[in-house]
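From just these sequences and the hints, can you work out the full model?
Going line by line, the protein sequences match chains A and B. With the numbering used here applied, the first sequence corresponds to residues 1 to 651, in that order. With the numbering used here applied, the second sequence corresponds to residues 652 to 900, in that order.
Here are the simulated lysine-lysine pairs, DSSO-like style, with alpha carbons at most 27 Å apart:
| # | chain 1 | residue 1 | chain 2 | residue 2 |
| --- | --- | --- | --- | --- |
| 1 | B | Lys662 | B | Lys698 |
| 2 | A | Lys266 | A | Lys635 |
| 3 | B | Lys698 | A | Lys555 |
| 4 | A | Lys266 | A | Lys19 |
| 5 | B | Lys888 | B | Lys797 |
| 6 | B | Lys698 | B | Lys653 |
| 7 | B | Lys797 | A | Lys381 |
| 8 | A | Lys555 | B | Lys662 |
| 9 | A | Lys266 | A | Lys213 |
With beta-carbon atoms standing in for the labels, derived distance ranges:
| # | chain 1 | residue 1 | chain 2 | residue 2 | range |
| --- | --- | --- | --- | --- | --- |
| 10 | B | Ala664 | A | Gly357 | 50 to 60 Å |
| 11 | A | Glu197 | B | Gly863 | 24 to 34 Å |
| 12 | B | Lys698 | A | Glu601 | 42 to 52 Å |
| 13 | B | Thr793 | A | Gly357 | 49 to 59 Å |
Worth flagging that the hints you see were computed from the coordinates, not collected in a lab. All C-beta atoms, glycine included, are put in the ideal place defined by N, C-alpha and C.
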Amino acid sequence: MADTDYTRYTTGEPVTDTKAPAGPVNERWDTRRFEAKLVNPANRRKHTVIVVGTGLAGGSAGATLAEQGYHVVQFCFQDSPRRAHSVAAQGGINAAKNYRNDGDSVHRLFYDTVKGGDFRARESNVHRLAQISVEIIDQCVAQGVPFAREYGGLLDNRSFGGVQVSRTFYARGQTGQQLLLGAYQALSRQIGAGTIEMHHRTEMLDLVVVDGKARGIVARDLVTGRIDTYFADAVVLATGGYGNVFYLSTNAMNSNATAIWRAHRKGAYFANPCFTQIHPTCIPRTGDHQSKLTLMSESLRNDGRIWVPKAKGDQRPPDQIPEDERDYYLERIYPSFGNLVPRDIASRAAKNVCDEGRGVGPGGQGVYLDFAEAIERMGRKTVEAKYGNLFDMYQRITDEDPYQVPMRIYPAVHYTMGGLWVDYDLQTTIPGLFAIGEANFSDHGANRLGASALMQGLADGYFVLPSTINDYLARNPHTEDVSADHPAVQETVADTQDRLNLLLSVDGDRTPDSFHREIGELMWEYCGMARTEDGLRTALARIPEIREEFWRRIKVPGTGEEFNQSLERANRVVDYLELAELMCLDALHRAESCGGHFRVESQTPDGEAARRDEEFSYAAAWEFGGTGEAPVLHKEDLVFEYVHPTQRSYA
Amino acid sequence: MKLTLRVWRQKNADEPGAMSTYQVDDISQDMSFLEMLDTLNEELTLKGEDPVAFDHDCREGICGACSLVINGDAHGPERTTTCQLHMRSFSDGDTIDIEPWRASAFPVIKDLVVDRTAFDRVIQSGGYISAPTGTAPEAHATPVPKPDADYAFENAECIGCGACVAACPNGSAMLFTAAKVSHLNVLPQGAPERESRVLDMVATMDAEGFGGCTLAGECATACPKGIPLFSITNMNKEWLRATRKSGKR
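This is the structure:
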């Protein structure tokens, strides 16, 4: 298929991380903290910082910045900051505490994360993350997070995919909930103290950039429909990932990409958009009515065994398939990691056995996750204590009892490693705009390891941003207030109003969800677990057509001056229809396989992802060029001084 | 399945609401209750009618956003959140009543959406441990006996959905408040603020307009996370203890 205007992108100047200090990797964070300028405690209250989002990253950042004395104005679209989607994370949080005395260390967590990310993350950032991991656990315990404990009263650990030590701290299958409530409570304490001005049910719709600096946001009150502007000295986006571009994902229904996409349109580079994580252990879909997919924690792979029948099209119920006619394919192909291989590898292996016609359940889109052996070995009580809530959830959704019948699982979109490009200080290419947590691209490379998202969100929010944002605020002292009649502000507000008015006025014959489903199916087909040049070009040809149809046929009932969930959804779809195009272009340009990005044209003889380091050892940071117009690629070269890139091997 | 839905429609907080009747066809047993409502809303949208507004987000039973009274029960007939309720719990031809949480402390915003910010204000008044970032000692410095840790966890499971308030004949928030008090007060880290926490949270709860507790027990029956009724007894004990201690000062 031929090039289109959009695929004829140009390559601009390389982008460099000017904030990353040199020197030994284990001293860089100390160096940066020492070199960063500080703001006098008495001056901090004169500085306003906007934080958008109240998940692990945003909640912890808002609380910490307020504790330091800054005036924080914070936003969430949910009715309460406690509902941010971090709440749904199940499995755990990694930290290099080495409480098990099993050979773990900061260096090993650093090494595992760089390797797990298939050598597409920055060494400096990942090492900092590993260092901070130990402080996070201390912080959370002090806040009263009820981690699992042993009978001696000390913290318990378990192991997770892609590693061979037990460094994961957990609170049954609700670790994200407990960590989020810790951050929410710290945030609540500051809201109660009057240091944080909290706007709930308020959604950011655009970024205000004045004289090249981020100076505020445009947001809509979701109850009254009122559009307002909010101004600050710096803006922090903690708005999560963009997995919902696929429509069906494990994300919450309202998680969306609007904040980061609008920032991208205003000049923030978007890095590695094609790096998406397909999680191997999700409940398979049941029909066209499906509104989302539900994850079953990866921790289940500690004790559950994954298998399919050896024979194609074997329709027998699982209990009638004898042991020697089962293929425990992960244990067979990867004997040293077995069922605990990283997520990208487990997902692709599941797809492969299903493509061979050996999948189970309706449509053959599933594999078994079997606890029969674990129940026999540990007893049902122990299995219940470890995984009870997950088993209950599975039973509620599928109406099958996983204590009796093996679970059926299938991969689903879960996490996006790509995001806004940030430097070592977590600042985007727009001065004064910071991105933290899943919203940035920085730490997970091409594949995130299990229990590392919670670690990164809290590292960014509690420890990294509060140290680095001082430097920006100190160097860019508050001069004059931005006023609502500044032309840049008026233009941004007018654009937002126009967009919403247009959505309301088309009065076509298709719902926002119908377009969301269509773009999602297209992305899953061509930009999902396996990607080809032809497929990506097909998608790139189709996306502008869907966009054109959207603006002709969209139907949004009601008005903009009221609580209007259809309008909220339609406005998010507008941004997905542009983001999807950039994801496909990024996937097309990266003609190698790495981590979760699997290009069928680039694989080893064994069918594993084959990286092409000479050509692609860089982060791809894209500069917006206009809707449907070719973006500009800026490369950030990745340098590996400590972990030598090798073909990942989990065999 | 074919169903008749009677849904509470209310344009905004200021206008009166009423039940409206809708028919839905082709409902699958595998659908979640909210997917059934999605189906209704797609039809209403195409007809140019206002879709039914309802809160929802994670659809995994953990964020606590969804909040429907179904046939008179908070979260419906099963002991779970609305999003985890599936249509296999209903029969072809059923008539289903769908209403918002009913409590004076939770005013209706639109249709089935209510304002639960009173819960946030209860937490802001003391539902935390003051541990500013950077001040934490090594995590293993203070072991926590496993039974205490488990008790804290059991109460920390609360998702703040408000079913307890909706189910209570008095519109009381005792179970919600008791869960947080019990979670934090049993932990050694929560000890320094043990008394102020319970006194301040209970005072805020009362000021927000939640009703008193008569130990009807409906809250614990409706709670999708199984917060035990005994937590209320524990909070009363904590409150009495704190009142006595603060009275001595």
